[in-house]
Amino acid sequence: MAKKVRKAVFPAAGLGTRFLPATKASPKEMLPLVDKPLIQQVVEEAVASGIESIIIVTGRGKTAIEDHFDVSFELEKLLEERGKKELLDQMRAISSMARLSYVRQQEALGLGHAVLQAEDCVGDEPFAVMLSDDIVDSETPALRQLLDVYEKYEAPIIGTMQVAGEAISRFGALAVDEVEDGVFKIKDMVEKPPFAEAPSDLAIIGRYVLTPDIFEEIKQTKPGAVGEIQITDAMRALLKKRPFYAVRFKGTRHDAGDKLGFLIATVEFALKRPDLGPEFREYLKSLEL
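Heads up: the sequence shown begins at 88 in this note's numbering, then just goes up one per residue.
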């Protein structure tokens, strides 16, 4: 029987250059999706999927993330005194939603290198990796969909979605055999292939369930063209030694690490809010576009 996946690693040490100047002194993971930071949105997905322990890989200038998930006595006292019970409950829920620990990545040397920093915290257990740039709006949490397949196949699982046309060259792409509806056995993976060379239209998305043997592969992985150690290269090496699967998750993925994607996600999430949606929808209809 597969070991239960209890831990999730959140790489959050990147520089956020696509959102400068907003991210000059503030982490991109703290950009608000309406009124909830991106990283909280994805931590909530992890908790809803059954994850008990969150390991956030931070870097210089990221202390706002730690402060956000910490208890804020002054704020809670103020809300209590003012009778704002609903807000108070929301604030307390943030600091108690999971066990959080933090490790530092001293240099932004790629996703593989970020994951490696969590090795001591993860130990000899399977674990999830979740990127807060990738916001997935779905009935069943995206990570839960991966974990269900992990429990069946007892092998590393990658989240995937279909990407039309030239856009595949912005992603890692998968060569696969479909083994059941929406579940694929991976034959190969290619990081950002030219459109003409992409093995399929299935792109790697920021949800992974990995086994602890990935750490040794990351240590053996040579830095790529820009000096970064890519997780795709390490997974590709491990693929030669054990099976990997991919899940085409059900839901809508928003690239919140991209300005346009972030704006679209903000509009979509705002429209779903009962307190904002009706008025916001009327406002959008009034625009002469």
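Bear in mind the hints are in silico, worked out from the structure with no lab data behind them.
Possibly wrong hints are sitting among the right ones.
Said to hold, decoys possible - No farther apart than 25 Å at their CA atoms in a straight line, the calculated lysine to any residue pairs in the SDA-like style are these:
1) Lys91 x Lys328
2) Lys239 x Gly338
3) Lys172 x Pro119
4) Lys279 x Leu326
5) Lys337 x Ser373
6) Lys306 x Tyr189
7) Lys359 x Leu120
8) Lys306 x Lys172
9) Lys309 x Leu196
10) Lys346 x Ala195
11) Lys279 x Glu212
12) Lys279 x Lys239
13) Lys164 x Gly146
14) Lys90 x Lys346
15) Lys164 x Leu196
16) Lys171 x Tyr189
17) Lys328 x Lys346
18) Lys274 x Glu284
19) Lys239 x Ala251
20) Lys327 x Glu212
21) Lys91 x Val277
To be verified - Each pair of labels, with its calculated beta carbon distance range:
22) Gly252 x Lys346: 34 to 42 Å
23) Lys346 x Lys274: 29 to 37 Å
24) Ala89 x Arg169: 20 to 28 Å
25) Glu226 x Lys123: 40 to 48 Å
26) Leu107 x Arg169: 33 to 41 Å
C-beta atoms are modelled at their ideal positions from N, C-alpha and C, and glycine is treated no differently.
Which of the listed hints are not met by the structure? 5, 8, 11, 12, 13, 14, 15, 16, 17, 19, 21, 22, 24, 25
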